[in-house]
Amino acid sequence: MSEPVILHIAGVNKRFGGLQALTDVGIKIMRCQIYGLIGPNGAGKTTFFNVITGLYQPDTGTFELAGKPYSPSAPHEVAKAGIARTFQNIRLFGEMTALENVMVGCHVRTRQGVFGAIFRHKAAREEEAAIRRRAQELLNFVGIGQFASRTAKFLSYGDQRRLEIARALATEPQLLALDEPAAGMNATEKLALRELLVKIKNEGKTVLLIEHDVKMMMSLCDRLMVLEYGKPIAEGLPAEIQSNQAVIDAYLGGSH
Amino acid sequence: MALLNFDTSRNPRQAYASMAVVLIGLLIFPFVAAPFGNSWVRIVDMALLYIMLALGLNIVVGFAGLLDLGYIAFYAVGAYMTGLLASPQFATLLESLINEYPVIGNSLVTVLGPEIQQNGIHLSVWVIVPLAAALAGLFGALLGAPTLKLRGDYLAIVTLGFGEIIRIFMNNLNEPINFTNGPQGINLIDPIRVFGVNLAGEAGSRATVVVGGYAMPSVNAYYFLFLLLCVAVVFVTTRLQHSRLGRAWVAIREDEIAAKAMGINTRNVKLLAFSMGASFGGIAGAMFASFQGFVSPESFSLTESIAVLAMVVLGGIGHIPGVIMGGALLAALPEVLRHVVEPLQERLFGHVLVEAEVLRQLLYGLAMVLIMLNRPAGLWPAPKHEDRPDGDSDTKEQSSGTMAA
Chain D
1 MSEPVILHIA GVNKRFGGLQ ALTDVGIKIM RCQIYGLIGP NGAGKTTFFN
51 VITGLYQPDT GTFELAGKPY SPSAPHEVAK AGIARTFQNI RLFGEMTALE
101 NVMVGCHVRT RQGVFGAIFR HKAAREEEAA IRRRAQELLN FVGIGQFASR
151 TAKFLSYGDQ RRLEIARALA TEPQLLALDE PAAGMNATEK LALRELLVKI
201 KNEGKTVLLI EHDVKMMMSL CDRLMVLEYG KPIAEGLPAE IQSNQAVIDA
251 YLGGSH
Chain R
257 MALLNFDTSR NPRQAYASMA VVLIGLLIFP FVAAPFGNSW VRIVDMALLY
307 IMLALGLNIV VGFAGLLDLG YIAFYAVGAY MTGLLASPQF ATLLESLINE
357 YPVIGNSLVT VLGPEIQQNG IHLSVWVIVP LAAALAGLFG ALLGAPTLKL
407 RGDYLAIVTL GFGEIIRIFM NNLNEPINFT NGPQGINLID PIRVFGVNLA
457 GEAGSRATVV VGGYAMPSVN AYYFLFLLLC VAVVFVTTRL QHSRLGRAWV
507 AIREDEIAAK AMGINTRNVK LLAFSMGASF GGIAGAMFAS FQGFVSPESF
557 SLTESIAVLA MVVLGGIGHI PGVIMGGALL AALPEVLRHV VEPLQERLFG
607 HVLVEAEVLR QLLYGLAMVL IMLNRPAGLW PAPKHEDRPD GDSDTKEQSS
657 GTMAA
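Keeping their order, the protein sequence lines are chains D and R. Here the first sequence is numbered in the working numbering, starting from 1 and rising by one per residue. Here the second sequence is numbered in the working numbering, starting from 257 and rising by one per residue.
Next up, chain D with everything else stripped away, as it sits in the complex (with noise of 0.2 Å):
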C-alpha cells in the first residue's frame, strides 16, 4: 500500500481499421489524488479508458496497477486487479433493485459457489450476510440508503448515477474510474457529486475523471491531462493547463 503511483500506463497505441484513435498514451496517477483527463469531443478520451479497463485491447502499451504489472486482457480482470469503472451512458442492472445492484458489485471479492448457495452452510450466510451489510454501507456513504429496496430503474437520475459509483466502489477498487459522471446533471446535482468526490478521495480511494465541464474540473482535479487527436497535448496541474498555449488553441481553435 504504500506504492506512491497506483496506476503507471505507458506508449499505449490503439488503431479501429484506418483511425489511429489513440497515440503514445500514457498517465502517472499518484494515490489519493483526483485525477482528471479532458478533451475535445472524440479526442480519445473513453477510448484510453475502454483500454485502460479492459474493454478495448490495446495495439501496444504497458500497464502498472501499484507497483505490479497487470493486463487489461479482460473486463473482469482488470475489475479483479482493482480498477472499478462507471459508464458514460448509465449501465445499471435495471430490474434488480439498487442494494442487489452493489451487491454484485461485490461478485468479484467474494467467493461462494453453487454448493454453498444450495446448502448454505455457516461460511456462506456470513459471506452473504457481510455482502449485504456491505452493500447497505456503500448506498448509505453514496446517500441513497434509503432506496436500496428500489428497483434501480426507478430511480432518479442523478441518483442512479450515485449507484453506479456504489456498485463501483464494491469492487474494492485501488482506482476508481469514472466516464463522465456529471453529464445530464443540474447545477444542484452537480454540487452533489462533487461533495461526493472529495468525499471518496478522503477516504483513500483514488479517482481517474473524465469530464466535459472544465470548470468544474479546474476546482476538483488535483491533476489533469488533455488529449487531442488521440495524442496528449498537455499534463500538469490545473493552473498549468489553464494557461497552456496548446490546450487553448485545441479548445478555441488555433487562431482565435
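Since the hints were derived computationally from the structure, they do not count as laboratory data. Hints are supplied without guarantee of correctness; some may be wrong.
[Claimed, not checked] Looking from chain D toward chain R, a few residues come up when the C-beta cut is under 10 Å (computed):
hint : residue
1    : Leu55
2    : Pro75
3    : Phe93
4    : Gly94
5    : Met96
6    : Glu100
7    : Asn101
8    : Gly105
9    : Cys106
10   : Ile118
11   : Arg120
12   : Ile131
Source: prediction; values computed, not measured. C-beta: ideal position from N, C-alpha, C; glycine also.
On the provided structure of chain D, position chain R as indicated by the hints.
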C-alpha cells in the same frame, strides 16, 4: 394471487403458510383423484415432469437471459442415457459392435462379462439420477461453450440447431453401432425401483404398488416420486436465485458489459447456467424414460422445446411460482381438454363436431396471443419493488434527466 403469496422476503409467515397449503393440496391430490381413474394422476405426473423442465430452462432463459430453443435436447440426453443403461438395449449395442468391429466388441465383452452381453445394463435409480444430471450438465456446458459470444436471436438460432442435432443423432445412431435403435426407439426400460419397491408394480399385480402394507396405483407412486423431485428442484433453484451466483446471472441478463466490468467472469457464469439448467432437464428425462418404459426421437422435437419455453414465458419469466404455474397449465390443460371436450360434445350433439386435438391447437394459439397482449410479463410475473414514497414525481424527474443526457 392475493391469497397465496410466495415472496419470503416480504411476508415470510404468509409465504410459508401458502407453501404449506399448496403442499398439503398436492399430497392429498392423488387420493382424491384416484376414484376418477388413473388417467388424471397420469396427466399430473407428466405435468410435474414438464414443471421440472420449465424450472431448468428458467435458469438459462429467466435468470441468465440466454434464449435457448434447444432445451429439449437435455431431456433427450437424460432419457436416452436411461434407455441405454437401464434396459436390454446395451446388449443390442454390444451385439452390433461385435458384428461391426469384432476386436473392440469382444474385448469389451470380456471386460463387462457375459451377463451384460445377455441382458444389457440395469443400473439403479440412485445411479441413474446423478448420472443423468451430470451427463446432461456436461452437454449443457459443451453446447453452451460455442455460443458464449452470441446473444438474443443469434443464440436462439444456434441452440435451436443444437436441439435438432441431438434429435437427429438419436434418430440415426442405430448404424453401424446400434446406440439408440433409431426411429424405433428404446423399449423395455426398467421402471424405477426405490428401496426394493417397484414403482410400476410387481408382475401380475395389475400395476399396484404396495408401500408399507398400503396399496396404491403405480401412477400414484410415480406421482410422489416426481413431486419429491420437483420440490427438490424448486428448492435448489430458489436457493440459487438468492445467491451470489443468482445475482451474477441476473446481472448478465440485465447488462453483460456492466456485469463484466463488475468483475464477473461471464464465460464461467454463463456456462454454469447452461449446465445447471441442463442437469434438471437430464433428471426429468431420466424420469420420463423410466415412467414410460420407452423413448423414441419423436418425443424430443422442436415443438417440445418451444412448449417448455412457452411455459416459462407464459407463467412469468424468471419468477419461480409463475414458471411452475405456466408449466402446470400448459402441460395439463391440453390433456384435460382431451378428456372433457369429446365426451361433452357427444352428450350435447350426439357426435363429435370438433376433435380435441384441433381444439387444443386452436386454444393454445389463442391463449398465447391473449396472454402476450394483455400480460406481456407472464401470468404471474416477479413482483416489482416500486415502493416510492413520493408517487409520480420521480417518473417525471427520471424522464427529464434521461432526455437531458
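Hints, one by one, checked against the model:
Contact between leucine 55/D and chain R, as hinted, is supported at the beta carbon level, the nearest pair being about 7 Å apart and thus within 10 Å. A hinted interface residue such as proline 75/D counts as satisfied when its beta carbon comes closer than 10 Å to some beta carbon of chain R; here the least separation is about 4 Å, so the hint holds. A cut of 10 Å between beta carbons decides the hint on phenylalanine 93/D: the least distance to chain R is about 4 Å, and the hint holds. The beta carbon of glycine 94/D comes within 6 Å of a beta carbon in chain R, closer than 10 Å, and the hint placing it at the interface holds.
The interface hint given for methionine 96/D holds, since its Cβ lies 6 Å from the closest Cβ of chain R, which is under the 10 Å cut-off. Checking glutamate 100/D against chain R: minimum C-beta separation of about 6 Å stays under 10 Å; hint holds. Interface restraint check for asparagine 101/D: the shortest CB-CB distance to chain R comes to about 8 Å, inside 10 Å, so the restraint holds. Look at glycine 105/D: its Cβ gets to within about 5 Å of chain R, closer than 10 Å, so that hint holds up.
Here the hint on cysteine 106/D is kept, as its CB sits about 8 Å from the closest CB of chain R, short of 10 Å. Against a cut-off of 10 Å between C-beta atoms, the interface hint on isoleucine 118/D holds, since the closest Cβ of chain R lies about 5 Å away. Taken as an interface hint, arginine 120/D checks out: its beta carbon lies about 7 Å from the nearest beta carbon of chain R, inside 10 Å. A cut of 10 Å between beta carbons decides the hint on isoleucine 131/D: the least distance to chain R is about 7 Å, and the hint holds.
When the structure is compared with the earlier hints, no violation turns up for any of them.
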